[in-house]
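Asker: Can you make the complete structure from the sequences, with help from the hints?
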Amino acid sequence: MDKMVDARGLLCPEPVLLTKRVIDKLTDGTVKVIVDNNAAKENVTRLSENLGWTVSISPEGKDYVLTITK
Amino acid sequence: MKNKKVLVAVTGGVLGILAILLVKMGNPANMGYCIACFLRDISGGLGFHRAEIVQYMRPEIFGLISGAFLAAFLSKEHKSVGGSSPFIRFTLAFAGMIGMLVFLGCPVRAVLRLAGGDWNAGVGILGLIAGVVIGIQFLNKGFSLGRASGMQSVNGYIFPVMAVAILVLLVFGTSFFFSSKSGPGSMHAPVIISSAAGIAVGALAQRSRFCMIGGIRDFILFRDTHLLIGFIALLVIAFLGNLTVGAFKPGFAGQPIAHTDGIWNFLGMLLAGASATMLGGCPLRQLIAASEGNTDCVITIVGFIAGAAFAHNFGLAASAKGVSFAGQTATLVGILIVFTIGFLGTYRQTSYSGGTSYGQNG
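Taken in sequence, the protein lines are chains G and Z. Take the first sequence: its position 8, counting from 1, is numbered 8 in this note's numbering, and each next residue is one higher. Just add 1000 to wherever you are in the second sequence, counting from 1, and you've got this note's numbering.
Source of the hints: derived by calculation from the structure; they are not laboratory data. Don't be surprised by glycine CBs; every beta carbon is placed ideally from N, CA and C. Don't take each hint at face value.
Claimed, not checked - Here are the in silico distance ranges between beta carbons for each label pair:
{"no.": "1", "chain 1": "G", "residue 1": "G61", "chain 2": "Z", "residue 2": "K1005", "range": "27 to 35 Å"}
{"no.": "2", "chain 1": "G", "residue 1": "K25", "chain 2": "Z", "residue 2": "L1344", "range": "23 to 31 Å"}
{"no.": "3", "chain 1": "Z", "residue 1": "F1252", "chain 2": "G", "residue 2": "G61", "range": "49 to 57 Å"}
{"no.": "4", "chain 1": "G", "residue 1": "N38", "chain 2": "Z", "residue 2": "P1190", "range": "30 to 38 Å"}
{"no.": "5", "chain 1": "G", "residue 1": "T27", "chain 2": "Z", "residue 2": "S1319", "range": "54 to 62 Å"}
{"no.": "6", "chain 1": "Z", "residue 1": "L1240", "chain 2": "G", "residue 2": "G61", "range": "41 to 49 Å"}
{"no.": "7", "chain 1": "Z", "residue 1": "Q1137", "chain 2": "G", "residue 2": "N38", "range": "26 to 34 Å"}
{"no.": "8", "chain 1": "G", "residue 1": "E49", "chain 2": "Z", "residue 2": "V1161", "range": "31 to 39 Å"}
{"no.": "9", "chain 1": "G", "residue 1": "L51", "chain 2": "Z", "residue 2": "Q1137", "range": "19 to 27 Å"}
{"no.": "10", "chain 1": "Z", "residue 1": "A1253", "chain 2": "G", "residue 2": "S56", "range": "54 to 62 Å"}
{"no.": "11", "chain 1": "Z", "residue 1": "S1075", "chain 2": "G", "residue 2": "L26", "range": "28 to 36 Å"}
{"no.": "12", "chain 1": "Z", "residue 1": "V1168", "chain 2": "G", "residue 2": "D28", "range": "50 to 58 Å"}
{"no.": "13", "chain 1": "Z", "residue 1": "V1333", "chain 2": "G", "residue 2": "N38", "range": "36 to 44 Å"}
{"no.": "14", "chain 1": "G", "residue 1": "E49", "chain 2": "Z", "residue 2": "K1076", "range": "21 to 29 Å"}
Answerer: This is the structure in structure tokens:
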């Protein structure tokens, strides 16, 4: 089952910290992160890509779902 | 993402150039921009404190808010949210402001002071970094101000629309507010220049998410240099600007609107750094987020203004002579309060573990 991070309503750096806590424990797999603002979307994407994960972003209503895979 | 990084650097660079220009046009030395000092002046301009030398409705601040509001509105990023520990934010901001006024500057002015050769600011920046490191310990242990939720949209418009209205009044030369006849509050660039400089930086900072605290924080936390680039661009450009206009005067003693008391420069900024890290960003970033409709950040700004008023009403703010006993006491009490909030607010979020569904938004 994919790991899920719900970072809605949180301001940075919290969305990034929550994501990092999850992906630091994994060597590969898929993590879905849900955010509700552009800054969080950009920051989570940047962190994940810096750590060698690929990110795809899909809007879902007013939120964004980031699918992070390695 | 690369473009964003360039934008962060451009924001820092433009901030640096405009800061030098604003000082040339009349702002106090090494104070082209200082969010803490300007909010303090506004606190005085509104009559919330009695320090007659620091009362002025700084158009830079109202311009920053207007520029950021416009940029957020046009990019559809304006969103009314709130409800994430507003009173903790007020308290952290109140305490952080006292720390900044003991040092005599926010993180932006700390860098501008350093760029002008004021080595006391170097001590302050070391304190700031120490404060960020402490704030990060709380964040790593799970400190959280909790989630904000969406609000009725009018909530997010009140603050920026009021700022636009005040900016218009200032541009048309209102004499309604208090305005210093002497001292730092009486030193200012022409209103139209200050307003334009504010709008430009506000718009850029909104687009780039520029943040002084974020620069230090993200580098320590993630080895991410994205925001740090802005911090460095500000330092380098302001330094080169000061060299160009002959305003670079290296030394500890006799620096403009500064004191040489190293311990209190360090501890004041430690207090500011820890509180800003727990608040999620520097005072400039708080202003931008408040303009984007974040009402929690509006409360943070109100906390800054209240803290500034308190600091000046009771002689806590430093002067060129140094830091009063009351100011020293307030710094230590502030550190105690911020650390206590950090310890007590440290609890684990439950929503990041595997299998949490979207429906469980706490």
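Asker: Which constraints among the numbered hints does this structure fail? Numbers only, ascending.
Answerer: none
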